[in-house]
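Each chain, letter by letter, is given below.
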Amino acid sequence: MKISFKMNGKDVSLDLDPSMRFIDVVRDVLHLNGTKEGCGEGSCGACVVLMDGKSVNSCLLPVANAIGHEFVTIEGLKETKAFDVIQKAFAEMGGSQCGFCTPGMIIAAYSLLKENAHPTEEEIRAKMSGNLCRCTGYQAIVEAVLRASEKGEGLW
Amino acid sequence: MVEKFIPKTKAEALDILSKHDCYILAGGTDLMVAKKNIAGYLPKFDKDVLYVANIDELKGIYKDDKGIHVLSGTTMDEVEKSPLVPSLLKKAISEVASTNIRHFATLVGNIANASPAGDTIIVDVILDAELKLESKDGIRYVKAEDFVQGVRKIDRKPNELITEIIFPEVNYDKEMWLKVGSRKADSISKVMVAGIYKISGKSLENFALTVGSVSIKPVRSHDIEEELKGMSLDELKKHKVAIVEEYAKLIKPIDDQRSTAEYRLTVAKNIIGKFLDEIIEGGK
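Order-wise, the sequence lines are chains D and X. Just so you know, my numbering puts 18 at position 18 of the first sequence, and the rest follows in order with no gaps. Start counting at 1 in the second sequence, then tack on 1000, and there's your number in my numbering.
Treat the hints as calculated values from the structure; they're not laboratory data. One or more of the hints may lead you astray.
[Unchecked claim] Derived DEER-like restraints, expressed as beta-carbon distance ranges:
id, chain 1, residue 1, chain 2, residue 2, range
1, X, His1222, D, Asp84, 50 to 60 Å
2, D, Asp15, X, Lys1008, 57 to 67 Å
3, D, Arg134, X, Val1151, 31 to 41 Å
[To be verified] Some chain X residues well away from chain D (every beta-carbon gap over 12 Å; in silico):
id, residue
4, Glu1245
5, Ile1251
6, Leu1265
7, Asn1270
All C-beta atoms in this analysis are idealised placements derived from N, C-alpha and C, irrespective of residue type, glycine included.
Looking at chain D on its own, in the form it has when it is part of the complex:
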């Protein structure tokens, strides 16, 4: 079936089975391997991508539901100033160790800041609870998002 959507600013039209998971389209068809698969059941958030500006778990999204929507993966976000700010904040605060959760964390952080440019620590913890990290213990990630919020005024 012909399936069309926008990926990182470009129109994409592919012949796919509509039940295919969006993560498999992203990684295996479009070869955008920055998006990771962790749990495969919507718990860990390693696979989140932006769908119309909001973070969604690409492991639970059938490509049938992607039709007509606009997506941004970490590769697309990388081209923005917002990414620069978030990435620097993660580096400075030690928000990334093994790095597996980081693309998902950055997408989720961007989605959060876009909706709420000045989140409190508690709001960050609640809103990013769907992104798991086995290294940092979260404190460094929360501090990185707070720092990005401070440094990225007007960017979201």
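Once you have looked at the hints, place chain X on chain D.
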């Protein structure tokens, strides 16, 4: 061979449902887990699938004299942000899964999936919400309370599509929502309780309570509610322990990977007791 359909209109969807027994996939956040395959392989569907997310007619929220209508393709995120929606429902939604999931999971999908741990289901039930089901044969309305019949069992015929959930106006001014999970956010409920009430003078004008994740379907007792309506707060204080015990009789929890029956029963009783205390205190 399993067929997959992606209609763009409600009429097309109803036509497909009149001919095929389908899984109806809206957000897909439960179904995609249930039908999960090895990474890189297609989900394992054992019957046809109808994808309804591309039907714009099924998206939106509006108000009329019947109440607040939430169309079935509306995401939890959209419902949570709507100024029309009751705050009790928003509180429940804010604790469903994670932000990422709520960005594409639908509110109606939660009750359609009919998991005993479905957080918003007990709110649908306590607020007397009604499901609107459409088919080529016509329209049918079912109360949320009757719609859920058991674990993943709902009152939907194969040719029917849920198109709306409708929240009528309910007479209350105080509410309570409490979810107990193993984490503060992004957890599956062990127990959740919703309560609404209204005090007039020194007695209870209206009262309702629902408990979830402790039985095959949401627990609500109209008998207990009727007994309590009109009761003075002094009487309520006197009967508090007995009322909690009445509810305890209706709660039939199980042991599972998330919790034990004993824990669930104890916690549910404590929350109900606390809620009754709050009412008794509130009247002072």
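Status of the hints after comparison with the structure:
Between X/His1222 and D/Asp84 the C-beta distance comes to about 59 Å, which sits within the given range of 50 to 60 Å. Under the hint 57 to 67 Å, the C-beta atoms of D/Asp15 and X/Lys1008, about 19 Å apart, miss the expected range. A hinted range of 31 to 41 Å for the beta carbons of D/Arg134 and X/Val1151 is consistent with their spacing of about 33 Å. For X/Glu1245, the condition that its CB be more than 12 Å from all CB atoms of chain D holds, with the nearest at approximately 35 Å.
Against chain D, the non-interface label of X/Ile1251 holds: every CB pair exceeds 12 Å, the least being about 28 Å. With a cut of 12 Å on Cβ distances, X/Leu1265 stays outside the contact zone with chain D, its closest approach being about 27 Å. Remark: the non-interface label on X/Asn1270 is consistent with the geometry, its nearest Cβ contact in chain D lying 24 Å away (cut-off 12 Å).
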